[in-house]
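Colleague: This is what each chain is made of:
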Amino acid sequence: MDVTLEQVVVVRGGRCVLDVSALSFLSGTTTAVFGPNGAGKTTLLRVVAGLERPARGRVLIGNAEPARDRGPPRSALAFQEQVFVGGSVRRNMELALELRAVPRADRAGRIAEAAAECGIGTLLDRPARQLSSGEAQRANLARALALRAPVTLLDEPLSGIDRIARTQLLDELPRLLATFATTTLLVTHDREEAFRLADQLVVLVDGVVLAAGPKSLVYRSPGNREVAELLGYTVLAHRGGLVAVPPSGLHLGRGTPGFVLTAERVVDMGNHLHLIGRIGQARVNLRLAPCDTPPPPGAVLDVHAPGCVTLP
Amino acid sequence: MSDLAQGFAEALRLLGRGDPELWSIVLRTLAISGAATLLAMVAGVPLGYALARGRFHGKTFLLALVNTGMGMPPVVVGLVVWLLLTRSGPFGGLDLIYTRRAMVLAQFLIATPLVIGFTAASVQALPPQLPDLLTSLGANRLRTLWILSREAKLGLLAAVMAGFGAIVSEVGASMTVGGNLRGSTRVLTTAIVTETSRGNLPVALALGLVLLLLAFLVNLVLTALQQRRAG
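If you're matching them up, the sequences are chains U and F in order.
114 is the number of the first residue of the first sequence in the working numbering; add one for each residue after it.
3 is the number of the first residue of the second sequence in the working numbering; add one for each residue after it.
Possibly wrong hints are sitting among the right ones.
[Stated by the list, open to error] Label pairs and their computed distance ranges (CB to CB):
| # | chain 1 | residue 1 | chain 2 | residue 2 | range |
| --- | --- | --- | --- | --- | --- |
| 1 | F | N69 | U | G273 | 31 to 37 Å |
| 2 | U | R242 | F | G201 | 55 to 61 Å |
| 3 | U | G336 | F | N69 | 52 to 58 Å |
| 4 | F | L224 | U | A291 | 49 to 55 Å |
Read the hints as simulated data drawn from the structure, not as lab findings.
C-beta: ideal position from N, C-alpha, C; glycine also.
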């Protein structure tokens, strides 16, 4: 089911926190809404979920407006903070299905399937509020996915969990979304998550969409400095203009386009060395090849960035 | 010490022989304080919820007002209700003064701030996103309130206990608006005052013990309910 935002403005405390002229999330796609903290990402998710009514404009899921529709919600939202009612994981999932008017006879099967797929099949009878952060995040996901809603909304689905649990979930999420979800919107401030999980990307800053489209297209054509920096590019001045250098895009030696780097220090990362320095006002870092000699602080070096993008 | 022992013996004797006046006072006490507690829950739980969840100007002021109300002297409440209901008062025409309904009203006013305060505190202790979760899952307002009440049941049962405990043991308001009329508005606390003023200390003590026993039994039931649900 498509999700469409038309001229949506959300005002909070007299301040405009979301201003989206037109945005569509097509059925069957997974879109990462990506941006820094306070960009309005969660607000966007909340208006799609119908938890917040925009001051202007409208949001459509299919042909229904979530905040006005009296029928059962068409979206399933997994909150960033794992929120549970008292009782077991099963009770929480049961309540969710009950509120969605899923027939009692179907609930047990739906719960068992979602729990097993999310790796919490053995935790169903544990008190939900006593789970570890990683388990709680899985239970949070399982509850949302068990609803099999036309639109699945995930708010920072990998936040607040330890590194190992995050890595595992990052690997498993695409399969889970393919199994249970159709249209997915996920909110993240983490570039890796956005690229690993989504096929579409929306870059949101200060409540305004700065870029939207297939992730490879958005990445290859960042459009402006702000988007480029958010996507991990280092923006450098070059011949009166700006170029965006992708991560690991700087190399020692002469080439085109070429820059002069002043070395500051070399950091031993365990399996390789990182050179930190400055090109003009910009701080850059560069991975040294095993054959490179670590330069002393203050050394002036020629570097080049063959894969950089020229910004308009 | 002998007075205490005598009072205890008298209490057992009164209860044992099924003294009809004592039982009518006990039942009247239960009916008046029970009705006031019930009404305080009906009004106080939604108000406490709104106060806990609402975002509006003056919320802190209202919370402070409720917290002050939790310690309001019953006799002051009784005086205000008396001034309102007395023949020459603004609601004198209702002919409520010195009736059980006037006592229920006064006790309701004493218990409600306690119920609001306990409800607000227990709702504020719930995860802040719980109402949004329930709304996103499709619960309407009434269903959301019901589920949140279940989640806050420990606090709500504490509200019942605090409210009932405060009004079953108060004497000032009941005496002022009820008038302590024998067979009509006399409750355990006002009966204790009467017996004490008559110098009938063993009976006064016996009534006191009955009052304590009554409060204990009600709280025992509520605590058992609270702990069973908590478990």
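Colleague: Work down the list of hints and note, for each, if the structure agrees.
Modeller: These are the hints, each one checked on the structure:
no.	hint	in the structure
1	F:N69 to U:G273: 31 to 37 Å	holds, 34 Å
2	U:R242 to F:G201: 55 to 61 Å	holds, 58 Å
3	U:G336 to F:N69: 52 to 58 Å	holds, 55 Å
4	F:L224 to U:A291: 49 to 55 Å	holds, 51 Å
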